[in-house]
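Those sequence lines, one after another, are chains L and H.
So that you can map any letter, position 33 of the first sequence is 28 in my numbering, and since no number is skipped, the others follow by simple counting.
So that you can map any letter, position 189 of the second sequence is 184 in my numbering, and since no number is skipped, the others follow by simple counting.
Please keep in mind that the hints were generated in silico from the structure rather than gathered at the bench.
Check the hints yourself; a few may be wrong.
One copy or any two copies: either way a pair holds, since identical chains are not told apart in the list.
[Unchecked claim] Straight-line alpha carbon distances no greater than 35 Å define the calculated DSBU-like cross-link-like pairs of lysine-lysine that follow: (1) K49 <-> K77; (2) K77 <-> K39; (3) K37 <-> K77; (4) K8 <-> K77; (5) K37 <-> K8; (6) K49 <-> K39; (7) K39 <-> K133; (8) K133 <-> K37; (9) K8 <-> K39; (10) K49 <-> K133.
As the structure is a prediction and not an experimental result, all values here were calculated from the model.
Number of protein chains: 2
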Amino acid sequence: MTKESDALCATEKEIMHATHRALVNSGYAALSISRIADELDKAKSTIYHYYDSKDALLLQFLRFTVDRFEATINTSIGDDPKEDLNHIIRTLLPSQLTEEKRQLYCVLVTLSPQALERAIFREQFTEIDTRLATIIEKTVRRGVEADVFRDVDPTHAAEHILATIKGTMYGRLTTNREAATAAAKASLFSYIDSHLVS
Amino acid sequence: MTKESDALCATEKEIMHATHRALVNSGYAALSISRIADELDKAKSTIYHYYDSKDALLLQFLRFTVDRFEATINTSIGDDPKEDLNHIIRTLLPSQLTEEKRQLYCVLVTLSPQALERAIFREQFTEIDTRLATIIEKTVRRGVEADVFRDVDPTHAAEHILATIKGTMYGRLTTNREAATAAAKASLFSYIDSHLVS
DNA sequence: GTCTATACTAAGATAGAC
DNA sequence: GTCTATCTTAGTATAGAC
C-alpha cells in the first residue's frame, strides 16, 4: 500500500513540512507562499517550480496530511473486540496528546472549513471518516458475531462511537473544557461496557 | 437577559449581516473588509468608522454569531426527561437542516480554527459548549433523580451526548457521508432508550 | 533546480471633504 | 456618518540568469 506522498521528491517533502510549520505557527489566514518560504530554506520562486499555484500546493498538502493521519491509525486487530474498541478510542483520544499528534489534529481542524464548499477537500475528509467508521464497524461486527456484544446494528453503533470521538477531540482542541474530554471518554467506555457488551 | 448584540446600532448590525454573507459565500480566506463592503450598501471606510481593525470586527462577529446560535437553543423543560433529551437532540441535529441553521453552523465551523490559538475566540467556543453541556446535564440529572434514568454520572453522560451531537454535526457539514448522520442519531436515541432509561 | 528581481493586484488602514 | 481618494504593505505569480 503506497501512499501518494511517498511519491514526493525531497524538496516537495520539505515544502510540505514547511507548510505544516507555517500553518501551525501562524494559522490559515496568514498562510502565504512567502510565509511558507520563510519556514523553508529556499526562495519563494522555488515553490512555484513545484506547484502551479498556492491552491495546488494546498491540495497536495491536504493529501499529505491525510496520509500522515491515516498512518497513525494503528489497525491492530486482536481477538478481543471489546479490547480492540478500547484500543481504538485510546489511540484517537489519548490521555496525553503528544505535540506531534496535537499539531496533526490542529492542521485538520484548520483545513476542515474548506470542506464546507470545496468538493475536492470534502472528499478527503469523507475518506478519513469512512476509513475510521469501517475499522470501528468491523470490530463491532466481530463482537456481535462472536456474541461478545449485544445484537446492535454495527453501522449505527460505529457511527455513534466515531461521532463521539470526533466531537470529543474537536472540543478538546477548540475549548478550555479540560474535564469534558475525560468525562466523554469515561461515558464512552461505560457505553461499550454496559450497552454493547452482552 | 440582554444579548450583547442587542446593543449594536443599525449600521453595525448591517455590517454583521454583510460579514455573515461574505463568509458564507466566499469563505474565511477571502474575507476582507473590501469583500464585506461589497455585501454592504456602504463604503469600506464606513466599516472603519465602527471598527478599529479587521480583527476587532471579527471578534464582534464571533460574539454576534454565538448569540444567534444560543438563541436557537430552545430550552423548553418539560416533565419527561427522556423526551426533553430527545428534543434537544432533534433541535441540534434536525433531520432537515434549514438553510438558515446550516449557514449558522457553517460560520461556527469556519471560525473554529481561530480557537486553536487565540484565547479570546477559544473562550466563546467554551461558552457555547458549557451552555449546551449544562442544559443536557440538568436534564439527565432530573431523570436520574426521578428514577426514570439509571444511576449514571450526569456530567459524564452529558459530555458523551454533547460530543456525539457535535461530532455528528461536524461530519454532516464537512463530509459526503449522508447516511452517517442518521446512523449516529439512531444509535444515540437507542443509547438513551436502553442505557440511560432504567 | 534554485536564485534575484520585478510586474501586478489587492489588502488594511487613514485623510479629509461633505 | 458616509463618501472618495490615497498611502503602504504584502500577496500571487512570472521572467530570466546561473
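Hint-by-hint comparison with the structure:
1. K49 <-> K77: For K49 and K77, the Cα distance exceeds 35 Å both inside one copy (45 Å) and across copies (51 Å).
2. K77 <-> K39: Cα proximity of K77 and K39: none, with 51 Å in one copy and 59 Å across.
3. K37 <-> K77: neither (50 Å within a copy, 61 Å between copies)
4. K8 <-> K77: Cα proximity of K8 and K77: none, with 39 Å in one copy and 53 Å across.
5. K37 <-> K8: within (13 Å within a copy, 46 Å between copies)
6. K49 <-> K39: both (11 Å within a copy, 27 Å between copies)
7. K39 <-> K133: Classified as neither: same-chain Cα gap 46 Å, cross-chain 55 Å, threshold 35 Å.
8. K133 <-> K37: So K133 and K37 fail the 35 Å test inside a copy (46 Å) and across (57 Å) alike.
9. K8 <-> K39: Answer is within: at 15 Å inside a copy they meet the 35 Å cutoff, but 41 Å across does not.
10. K49 <-> K133: Neither: 39 Å inside a copy, 48 Å across copies.
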